[in-house]
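Here the structure of chain A is known, so what remains is to put chain B in place on it, guided by the hints.
For reference, the chains in residue letters:
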Amino acid sequence: MSITIDKPGMLTSLQDLGRFSYQQFGVIASGAMDPFAHTAANLLVGNPANEATLEATLLGPRLTFEAETYIAVGGADLTPSLNGKPIQNWRTYKINPNDVLEFGKCRWGCRAYIAVAGGFDTEPVMGSKSTYLRAGIGGHQGRALKEGDRLKTGSFTSTFKPVSLKWLMSRGLRTVYENMGRIRAVKGRHFDYFTSESQNAFFEKEFTITTKSDRMGYRAEGTTLQLERKEEILSEPVLFGTVQVPAEGNPIILMADRQTTGGYPKIAQTAFVDLPKLAQAKPGDKVVFQEISEEEAQINYIIQKIQLNYLQTGIRLKNREG
Amino acid sequence: MFQDIKYLSFGEAGILLEFGSVMDKEINLQIHKTAKWLNDHPFDGFIETVPAYTTLTVLYDPMKFIHFKKSAFELAVEQIRNKLESMPDENSSVGRTIEIPVCYGGDFGPDLENVASINGISPQEVISIHTEKTYYVYMLGFAPGFPFLGGMAKEIAAPRLSSPRLSIPKGSVGIAGEQTGIYPIETPGGWQLIGRTPTKLFTPDQDHPVLLQAGDQVKFYQITPEEYHAWEAEHEHHD
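Chains as they are written, first to last, in the UniProt record's numbering: chain A, 1 to 322; chain B, 1 to 239.
Calculated from the structure, these hints are not laboratory results. Any given hint could turn out to be false.
[Said to hold, decoys possible] The calculated DMTMM-like cross-link candidates involving lysine to aspartate or glutamate, where the alpha carbons are at most 25 Å apart (straight line), are:
1. B/K69 to B/E90
2. A/K230 to B/D24
3. B/K6 to A/E228
4. B/K154 to B/E132
5. B/K25 to A/E232
6. B/K36 to B/E78
7. B/K154 to A/E232
8. B/K170 to A/D214
[Unchecked claim] Some chain A residues judged to face chain B by a derived CB distance under 10 Å, without partners named:
9. Q23
10. V27
11. I137
12. I302
For every residue, glycine included, the Cβ atom is placed at its ideal position computed from N, Cα and C.
Chain B with its partners taken away, still in its complex shape:
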């Protein structure tokens, strides 16, 4: 497996490990397993890993790899190769399945009707299709805790808005092409919004600041506006 990884220099302090070139859950699981192994067994000069769909970027401190014959990049690659040799061979499996409550439509999801009419189905059908599937978190990016989810049904696909909204409320659940995602913080964005979750995806004051982790699975379920507000009120109370 690891003979297939390409090690590419990326900036002065980064190495991009290329595991493949097409979106594939097995490859992606391998990336998260590798990232975890390196995080748990850091080499001297290791800074962090940034996993993505088919790549894993490792950031390091070149000042720890000063040598008169070899470049810092070559030496850091050797370190990573060494670490990966001791990584156990067992197959990696998907992480936890996390259920996310969503209040669909109305002010919570102003584009629900639009997504329905684009696909020639009713809003309720969009909701049932969206809540039926189990999604896989390929990576986090774009905003803190923002999951790139794979596995959405083509029947509810919808293009990005031609003009992005300047501000999208946090917790908004959106669709862009054949992707679905959740906005953890208020941000501008062009996804079609079908609902909103009261669950917090980004909690910067916690040791582990994000709810979802790459490799996890996500399932959405529908709640009413009353349940949404009750959830929020309860959370405020606990704060």
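So that you can see chain A by itself, here it is in the shape it has in the complex:
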């Protein structure tokens, strides 16, 4: 079956959890900016976590479905509606032929994820369905969606039959979005290179996400961060959430479409569990970084993965009841 894109929205692209094994060749990882919302939406329609979803940005698309299926939307609240009737995020909906999914104004967050049962039938490039916009590979023809595009969905067998479509993913699972302005982070490899004033300011003062922010990285502004040691740093790998500081002193938080390597000093590494908050932040939003230990960051990561595994098991069990 296929889905027709009546309106593409501001920036809608196919993303999964990223392209790995090729970073050694300089191929960026890409993937969903909010891996939590992406994963939850997939699980709600019976897909594996790594299946591709549509990532919509601020202004969502308008889609028409050719045939019966199930969908779920996670992440930003872009006022989704099905055939003109409002629907909720974090919930599974049955789709009938010619149903229209549409989005309105952005009520909360920045990026919404639309998962379809069976996923999207697009050829993975280097092991991933994520769209790498700059290199023009992956996803749907290597680009953001355009009006008139038709996306084929994966073979959706009747194995997934939600018994109760009234079930909403519990609030407890959505605590990732509490304290939106508090971003936990671990000291970076070059933290000691900064002056003690800048070290203190980084973990105490407020930073504003600027308009120079996209899938590649967010430029933040606040206290200008200064180096004590002005040593040349040889390029080395960077990760999703690495905070690096170029000479002018404003931190850049690297996001999903980050380059594989960087040569700026790394002041911090954002906790993985707080990346969804950043993915849902908009230019003008303010954040304060809060220091946590490497161990705590890793334990939080493991707990979140276990919670998502529980969600997956829970959905499977519920759907077996009927």
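Chain B in isolation, oriented as in the chain A frame:
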């Protein structure tokens, strides 16, 4: 040798292996040898390696290392140490030498004259110096297949452009400081462009998507605009 490696936690799912702190070909070769060994002999939970000048980052899945006493990081480090103990001791040598045709100057290299005048030499001298040396690929990064090359002569060094170009054609060969490199895809960038190669450095549809590999050596040779277009036309034909 391996007693000298520092294992540092990097994010929740990464370990940064620090082999040294200054650019050194021997250290870099050791990094690529280690990366290859880990790729060829992965441990359970291994995801990938990302080699750089003096570091090797290993990404892993912490969910494979859940233990009530030890952290996932500690357990993954143990795995890497174990793997490295069985790595053969022989010295690693440089990889292949790959020759890259470049059409210098004109529209292909709009900054060639600039690089020449900065250094007080003629454009032709820039070309002879650039084609004379053999370069070593320390790492790939910045863009898919983009080589960080070491070994350029100081006589043709040139600073980055004060304002980066919004779009640089793929295949462009540039100079930034004492580095030279090739842009495999069209991208914004601030390097001074001295020429362009018709050779494809990034082929995403292939199993092995990049031409150059870290540890390889590169040599440039000059071609004419006619040869450039003929090369391109021939390649189109084979597509």
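Hint check results:
no.	hint	verdict
1	B/K69 to B/E90	violated (36 Å)
2	A/K230 to B/D24	holds (21 Å)
3	B/K6 to A/E228	holds (24 Å)
4	B/K154 to B/E132	holds (13 Å)
5	B/K25 to A/E232	holds (18 Å)
6	B/K36 to B/E78	holds (18 Å)
7	B/K154 to A/E232	holds (18 Å)
8	B/K170 to A/D214	holds (23 Å)
9	Q23	holds (5 Å)
10	V27	holds (4 Å)
11	I137	holds (5 Å)
12	I302	holds (6 Å)
Checked against the numbered hints given earlier, this structure breaks only hint 1.
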